[in-house]
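Trainee: Residue numbers (the numbering used here), protein chains in the order written: chain A, 1 to 394; chain B, 1 to 111.
Where hints are given, some of them may not hold.
What the hints assert, rightly or not - Per label pair, the in silico range of CB-to-CB distance: (1) B:I72 / A:E218: 23 to 33 Å; (2) B:K38 / A:L206: 40 to 50 Å; (3) A:I322 / B:I26: 45 to 55 Å; (4) B:I85 / A:L83: 47 to 57 Å; (5) B:F19 / A:L198: 32 to 42 Å.
To be verified - With a cut-off of at most 30 Å between alpha-carbon atoms, the simulated DSS-like pairs for lysine-lysine come out as follows: (6) B:K38 / A:K127; (7) B:K100 / A:K228; (8) A:K210 / A:K101; (9) A:K334 / B:K91; (10) B:K33 / A:K228; (11) A:K334 / B:K29; (12) A:K127 / B:K29; (13) A:K127 / A:K329; (14) A:K325 / A:K210; (15) B:K38 / A:K225; (16) A:K127 / A:K356; (17) A:K325 / B:K91; (18) A:K225 / B:K33; (19) A:K329 / B:K91; (20) A:K225 / B:K29; (21) A:K228 / B:K38; (22) B:K70 / A:K228; (23) A:K82 / A:K210; (24) A:K127 / A:K304; (25) A:K19 / A:K225; (26) A:K304 / A:K44; (27) A:K216 / A:K304; (28) A:K101 / A:K82; (29) A:K44 / A:K127; (30) A:K216 / B:K29.
Calculated from the structure, these hints are not laboratory results.
Even glycine gets a Cβ: it sits at the ideal position worked out from N, Cα and C.
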Amino acid sequence: MANIGEILARLWETSGFYKMAVDWRQLIMICIACFLLYLGLVKKYEPLLMIGIAFGMLLTNLPGSEMYHPELWDAYIAGTIKLTDIIHEGGLLDIFYIGVKAGLYPSLIFMGVGAMTDFGPLIANPKSLLLGAAAQLGIFAAFLMAIVLGFPANVAASIGIIGGADGPTAIWLTSKLAPEYLAPIAIAAYSYMALIPLIQPPVMRLLTTKEEREVKMEQLAPVSKTQKILFPIIVTIFVTLLLPSVAPLLGCLMLGNLFTECGLTDRLSDTAQNALMNIVTIFLATSVGATARYDRFLSFQTIKIIILGLIAFEFATIGGLIFGKIMYKVTGGKINPLIGSAGVSAVPMAARVSQKEGQRANPSNFLLMHAMGPNVAGVIGSAVAAGFLLALFG
Amino acid sequence: MTLGNAAIYSLLGVCVVFFALILLMIAIKILVKVMPYKEAAAPAPAVKAAEAPAPEKKAEPAKGVAGDLKLIKTEPRDAAMIMAIIADELKTPLNQLRFKSIKLVEEEGKR
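Take the sequences, apply the hints, and build the full model.
Mentor: Dropping the structure here:
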């Protein structure tokens with residue numbers, strides 16, 4: 001007759017509780033995952049992504065769950081195993097992660113974003129593109145600081161892209177340049193995007209005068225349907241010819257927009273904005289969260305990345321605002337510099353912050369549509385910056 | 001990578017982003033010049049009878065709201081405005097919507 005004590009001991013040794021007792025770092029990661037769940041569920045910080053990321057993190061750090069195997073991906077990158085080996089030996093989240101590694105999910109998310117975006121304010125005021133470009137300063141400032149802190153160039157480039165304030169772009173670039181840092185970079189990007197209403201206003205008030213913030217901008221010129229249809233085609237041709245590496249992201253963004261603007265593919269536009277986007281968001285968020293395994297995530301590097309991410313966001317805001325101030329001077333006070341801070345992407349949160357600050361200075365001020373121009377220009381700008389970094393370090 | 005090299009790459013990166021977006025700005029300006037926005041076409045001048053298209057069938061007026069509408073502390077003028085806004089938002093003719101009641105919700109402090 002079996003010894004009951006022995007059976008219980010064996011059961012205990014195979015349990016996750018026993019394995020967790022062996023390595024306490026897993027418990028810390030479970031606590032971090034629960035904290036992120038709290039941020040998503042209670043504080044509503046980007047809940048559509050944060051909840052999936054936090055749950056993926058929780059699953060991957062539950063001892064014995066064996067849902068994600070970073071060592072398999074290391075071997076794949078080193079070329080010692082093939083993708084089919086990962087399919088055979090990997091867990092569920094390894095299978096999900098294939099879409100990240102292939103750059104599939106960020107591109108499909110961009111298709112949905114394109115279908116949801118109205119580029120009308122940008123076409124009506126093409127100068128907005130300059131503000132979108134200036135706000136990419138954060139990417140390169142953070143890149144420089146990451147180099148100073150001793151990160152290799154490819155990792156520094158991935159850290160810098162947090163300043164683009166664009167989750168899919170950050171994931172896309174990091175999965176290609178520094179996949180081992182995907183989790184902290186994605187978490188930093190999405191957390192700071194959610195915190196934009198707290199991060200930006202102090203800098204906006206510091207860098208602008210009350211007189212500048214009070215400026216009321218003229219109504220935007222109307223935009224024709226033909227212009228809106230031709231816009232995604234022109235952007236795709238021009239930018240892809242300049243930086244071919246950005247084609248997957250920008251191509252999908254513009255294809256989604258064309259679906260919406262042409263008026264002939266309403267079903268496709270609806271699918272890209274809703275069903276497809278929702279499905280991809282589930283896969284993307286859980287697989288990115290899964291990469292945050294205790295033995296990789298809990299390091300001093302992660303803390304450095306989180307701090308550099310915040311610096312990147314602040315510099316991006318500063319870049320947009322300074323260029324906004326230049327445009328205010330050049331146009332003789334016709335442009336409110338507050339719309340410059342919206343150049344950091346994070347659509348439409350950053351534009352809303354510009355509107356709120358403008359209205360705070362002058363209650364009859366309506367900057368939202370004016371800020372949407374730099375805001376969507378920022379999406380294109382951060383994609384261009386990502387293409388540049390990939391071409392350089394990829 | 002040395003800090004000097006990183007600074008050069010950063011400067012180059014900023015220039016590339018600006019160059020790409022300035023190029024795009026010029027392209028959009030050309031697009032707007034070549035294909036300007038036109039107001040909705042004004043009524044065409046009189047055409048010959050033979051060429052004139054068949055007169056369009058006049059849209060039937062809405063038949064009104066189905067059922068009775070109960071107004072609670074709401075002026076009929078405000079109720080009409082609310083119903084028109086909802087119909088416009090839903091892109092549904094008013095006669096296909098049924099409003100049962102419209103009630104003024106007072107704030108706690110004002111009670």
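Trainee: Hint by hint, say whether it matches the structure.
Mentor: Here is how each hint holds up against the structure:
The hinted range of 23 to 33 Å is not satisfied by I72 (chain B) and E218 (chain A), whose Cβ atoms lie roughly 43 Å apart. Here the CB-CB span from K38 (chain B) to L206 (chain A) is close to 44 Å, well matched to the stated 40 to 50 Å. Between I322 (chain A) and I26 (chain B) the CB atoms are about 23 Å apart, so this pair departs from the stated range of 45 to 55 Å. Between I85 (chain B) and L83 (chain A), the C-beta spacing of about 54 Å keeps the proposed range 47 to 57 Å intact.
Between F19 (chain B) and L198 (chain A) the Cβ separation comes to about 33 Å, which falls inside the hinted range of 32 to 42 Å. Note on K38 (chain B) and K127 (chain A): the hinted pairing holds, with a Cα-Cα distance of about 21 Å set against a maximum of 30 Å. Annotation: proposed proximity of K100 (chain B) to K228 (chain A) is violated, straight-line Cα distance about 41 Å (limit 30 Å). Taken as a hint, the K210 (chain A) and K101 (chain A) pair is broken in the structure, with Cα atoms around 47 Å apart against an allowance of 30 Å.
Note on K334 (chain A) and K91 (chain B): the hinted pairing is violated, with a Cα-Cα distance of about 37 Å set against a maximum of 30 Å. The suggested pairing of K33 (chain B) with K228 (chain A) holds, with an alpha-carbon distance near 14 Å, which does not exceed 30 Å. Pair hint K334 (chain A) plus K29 (chain B) holds up; C-alpha atoms about 19 Å apart against a cutoff of 30 Å. In summary, the hint linking K127 (chain A) to K29 (chain B) is supported, as the alpha carbons are separated by about 9 Å, within the 30 Å threshold.
About 14 Å separates the Cα atoms of K127 (chain A) and K329 (chain A), which keeps this hinted pair within 30 Å; it holds. For the given pair, K325 (chain A) sits about 12 Å from K210 (chain A) by alpha-carbon distance, which is consistent with the 30 Å threshold. Taken as a hint, the K38 (chain B) and K225 (chain A) pair is honoured in the structure, with Cα atoms around 10 Å apart against an allowance of 30 Å. Of the pairs offered as hints, the one joining K127 (chain A) and K356 (chain A) holds, with about 22 Å between alpha carbons and a cut-off of 30 Å not exceeded.
The hinted pair formed by K325 (chain A) and K91 (chain B) fails the criterion: a straight-line CA distance of about 42 Å is larger than 30 Å. Between K225 (chain A) and K33 (chain B) the alpha-carbon distance is near 14 Å, which keeps this suggested pair within the 30 Å criterion. Taking the CA atoms of K329 (chain A) and K91 (chain B), the gap is about 44 Å. The hint is violated against a cut of 30 Å. Under the criterion of a C-alpha separation no larger than 30 Å, the hint pairing K225 (chain A) with K29 (chain B) is consistent with the structure, at around 16 Å.
Between K228 (chain A) and K38 (chain B) the CA atoms are separated by roughly 13 Å; this keeps the pair inside 30 Å, and the hint holds. Annotation: proposed proximity of K70 (chain B) to K228 (chain A) is violated, straight-line Cα distance about 44 Å (limit 30 Å). With a CA separation close to 60 Å, the supplied pair K82 (chain A) and K210 (chain A) exceeds the 30 Å bound. With a CA separation close to 35 Å, the supplied pair K127 (chain A) and K304 (chain A) exceeds the 30 Å bound.
Distance hint between K19 (chain A) and K225 (chain A) is unfulfilled; the C-alpha atoms sit about 61 Å from each other, more than 30 Å. Proximity of K304 (chain A) to K44 (chain A) is assessed by CA-CA distance (about 25 Å); at most 30 Å being required, the pair is judged to hold. This hinted pair does not check out: K216 (chain A) and K304 (chain A) have alpha carbons roughly 40 Å apart, beyond 30 Å. With a C-alpha separation of about 13 Å, the suggested pair K101 (chain A) and K82 (chain A) falls inside the 30 Å cut-off, and the hint holds.
For the suggested pair K44 (chain A) and K127 (chain A), the alpha carbons sit about 34 Å apart, so the restraint of at most 30 Å is broken. Straight-line distance between C-alpha atoms of K216 (chain A) and K29 (chain B) comes to about 23 Å, which keeps the hinted pair within the 30 Å bound.
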